[in-house]
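Chains as they are written, first to last, in the numbering used here: chain A, 192 to 569; chain B, 2 to 393.
Read the hints as simulated data drawn from the structure, not as lab findings.
For glycine and all other residues, C-beta sits at the position ideal for the given N, C-alpha and C.
Incorrect hints may appear among the rest.
Cβ-Cβ distance ranges computed for the label pairs, FRET-style [claimed, not checked]: (1) A:273 - B:135: 22 to 30 Å; (2) B:20 - A:515: 40 to 48 Å; (3) A:346 - B:135: 26 to 34 Å; (4) A:356 - B:135: 12 to 20 Å; (5) A:346 - B:61: 46 to 54 Å; (6) B:108 - A:340: 43 to 51 Å; (7) B:344 - A:328: 36 to 44 Å; (8) A:512 - B:155: 37 to 45 Å; (9) B:364 - A:252: 53 to 61 Å; (10) A:455 - B:160: 53 to 61 Å; (11) B:218 - A:274: 53 to 61 Å; (12) A:234 - B:318: 30 to 38 Å.
Example chain A residues on the side facing chain B (calculated, C-beta under 10 Å, incomplete) [stated by the list, open to error]: (13) 287; (14) 410; (15) 502.
Distance condition first, Cα-Cα at most 30 Å in a straight line; then the derived DSS-like pairs of lysine-lysine [claimed, not checked]: (16) A:360 - B:215; (17) B:370 - A:360; (18) A:360 - B:148; (19) B:103 - A:350; (20) A:209 - B:370; (21) A:360 - B:371; (22) A:303 - B:148; (23) B:215 - A:209; (24) B:142 - A:360.
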Amino acid sequence: MSLLQLIWAELKAILADKTIVITVFGGVLFYSILYPLPYLHQVPTEQQLVVIDHDRSSLSRQLIRHADASPKISVIAELGSIDEAKRWIETGRAHGLLVIPANFRRDLLLGKGVTLSYGGDASYFLIYSAVAEGLISAGLDAGQNIQRLGMLAQGDNAKAVEQSLNVVKLNSIPAFNPSLGYTPYIVPGLFLLILHQTLLIGTGILGASQWRAQGYWQQVSPLKLVCGRIAAFMLVYSLLSSYYVGYCYYWYDVSLQASIGRVALLMLPFLLATSAAGIAFSSLFTRRDLPTQVLLLISMPILFVSGFVWPTALIPEPVVAISQIVPAVPGIMAMLELNQMGASWQSIMPQWLQLWAMVAVFFALAYWGVSKRLKPVS
Amino acid sequence: MIKALKREFTALQDDPWQLALVSYIPLISIIALWLLFSAGLPRQLPVAVVDLDNSQTSRALARQLQANPVTKPISYTGLPSAEAAMKQGEVYALLVLPYGLKRDLLTSKTPIIDIRYNSQFLLVGKLLSSQLQASMADGLKPLGELKLLAAGVPMERVAVNLSPVSSQTTALFNRNNNYVGFLVPPVLIALLQLVAMMVFANSLNRELRWNTTKQWYQLGVYKVIAAKVVFYTPLVLLHGGFILALIYLYLGLPIAGSIAVLLIAQTLMLLAVWLVVLTIFFVLKDSARVISFCTAMFAPAFAFMGVTFPTHEMPQLAQWWRVIMPTSHYIETHIAVVSYGQSLIASLPQMLSYWGFLLLLIPIGIFAKKGFAESELAATSEAANSMALKEQ
């Protein structure tokens, strides 16, 4: 059996196995739509806020209007007491509250300080930060208005007032993901993980169903089988990766900085290492339903340890060290740096070499595992 | 019934993977996931500081970052090296103190301090943006004070003049913005659902693998299913209890309501998971495919819970998908009990939201009646496999 024939036989075996087709093709296509689905609206806006206005003056009403004008907040009701607001938040009708103290306007005009209280439901951080940001900017605005009026009344000219109100301009701008959107944040890393996991499951199921049966895989040497299988899965996954990294990244507004050649050069060791790891991993199983279960259990830890959801610096070092044996961990980081953050090729060199080292190690393991599996039968 | 229960017990003993799945695997996974987030509060996040002014003022501002527990300033002499560090993810934000900062301040011009934060890492980026702005605003206050004093404003009025409206922001229900309290419960609940799904699917698949479907039907279809439910619900619930004990008893995170209510809610969630798995099992009747299909369904459950990204901001289609995930029903009760101290009576309406899962009883009934006639042939090859396994 020549290598080309073997690759052809592998491809036929992959396509003939309904479970692998469901997982590899079905899973990849299904997840490309399902996973980003909740995040399609990108940024939480118009969070429901209730106001407790103890002042009922022109200024407090203006403040409420300003808060309502913020894109992050929508004022849905004015309530009489904080207890009532609490009930609204507990029943999920509102997510934040603003308390305007009594004598708000009078104290400000007299030049006394006043304190506005904001509260947000921190059970949901994204909602809380939207409420807090919106209210703080509305509050600052009201404060500046008062200051401006006071200074103008004292006879300062308008231009000088403007300057002394803004001593320094803080120009705070998000880099790499300018819209602060949720899909550009989640999609690049997550999609690589989906490719990684489905590839491992695919090779795992294929191996697990073959070891105890008769077929073409016993007619070739283990080395040839490993090479042929890697080649077959590389063919399938170069297509699926093009769909994910090429089309889906673009479709979900992910920022793209690297050239196609560089991305391909990064994907090459990533896919090679993953398929070799998958074949090595498959030699552990003879039950077809087990590889999926094991990989499902480790998906979430891999996602969180890869460093884009939760900073690596805060994860205990032993956990980070163990995670380095998973191809997805250096793979995701290298992809984010290269393609989303525009780093130079030199700076992802360590991860790239690490991936090639994994190719070597997992290939050796795959060879060892497969030859062990094939020995007793032949 | 007791015979069916005994049958489950012997089956469990014969299956090392299933045994692992109800004993140490969930424990290891739970502890591993908790360890990842165990830091709880983000601290000492590296920030690149490029001081082009090198004046007393700019150094004072840089020191301000040192004093903030969230940020750890790292000095860079030039913009290019800081930029490279930012692109490599070594620092999560970049602060540029411009040349002539002090001079501009003294001569009443408005200098611009540039902050760039890494929003590709959204969580860290947003946090740093607000922390850096707060640090800078605080660091600039002494300058404003000096200016006001020089203009003849009396000392007592300086603070009020600087910021007439001060604000008091309260993070309700999670006072110090602890990520363990926010992120770990939903992550672990998603894990519990996966484990529950696998345990039940394996227990059903075993009948196919060992070709015991005939025996199953002789004993009575629903009797055996009931035995499986009675047998596995407490076992999985034990892990759910472990999650709650770890977070709210061992780590001592605040919980306003009672854990008992949460356990009842978890039981209902498990029953809903069982119904979904049963439906998929009776429709597909193939062990690997059942697992693949259940995995495809339940793996993204965390994204749909609406804890990280709010539910009411999801598109309609996502909200529909969310409804068929038992975890999203549970998590609402969980947050209400933990944060708002909801009582059992108030939780009942939420628990009734599971009623839709009862509709699954119809397809289960139809497909269970059909039996396994056609699939038995396919199952024999699998059975041969497992026989070979047993011989070893």
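We went through each hint and held it up to the structure:
no. : hint                      : in the structure
1   : A:273 - B:135: 22 to 30 Å : holds (26 Å)
2   : B:20 - A:515: 40 to 48 Å  : violated (30 Å)
3   : A:346 - B:135: 26 to 34 Å : holds (33 Å)
4   : A:356 - B:135: 12 to 20 Å : holds (18 Å)
5   : A:346 - B:61: 46 to 54 Å  : violated (32 Å)
6   : B:108 - A:340: 43 to 51 Å : violated (26 Å)
7   : B:344 - A:328: 36 to 44 Å : holds (38 Å)
8   : A:512 - B:155: 37 to 45 Å : violated (60 Å)
9   : B:364 - A:252: 53 to 61 Å : holds (57 Å)
10  : A:455 - B:160: 53 to 61 Å : holds (60 Å)
11  : B:218 - A:274: 53 to 61 Å : holds (59 Å)
12  : A:234 - B:318: 30 to 38 Å : violated (19 Å)
13  : 287                       : holds (8 Å)
14  : 410                       : violated (21 Å)
15  : 502                       : holds (5 Å)
16  : A:360 - B:215             : violated (78 Å)
17  : B:370 - A:360             : violated (73 Å)
18  : A:360 - B:148             : holds (17 Å)
19  : B:103 - A:350             : holds (21 Å)
20  : A:209 - B:370             : holds (25 Å)
21  : A:360 - B:371             : violated (73 Å)
22  : A:303 - B:148             : holds (19 Å)
23  : B:215 - A:209             : holds (25 Å)
24  : B:142 - A:360             : holds (13 Å)
The structure is inconsistent with the numbered hints 2, 5, 6, 8, 12, 14, 16, 17 and 21, although it conforms to all the rest.
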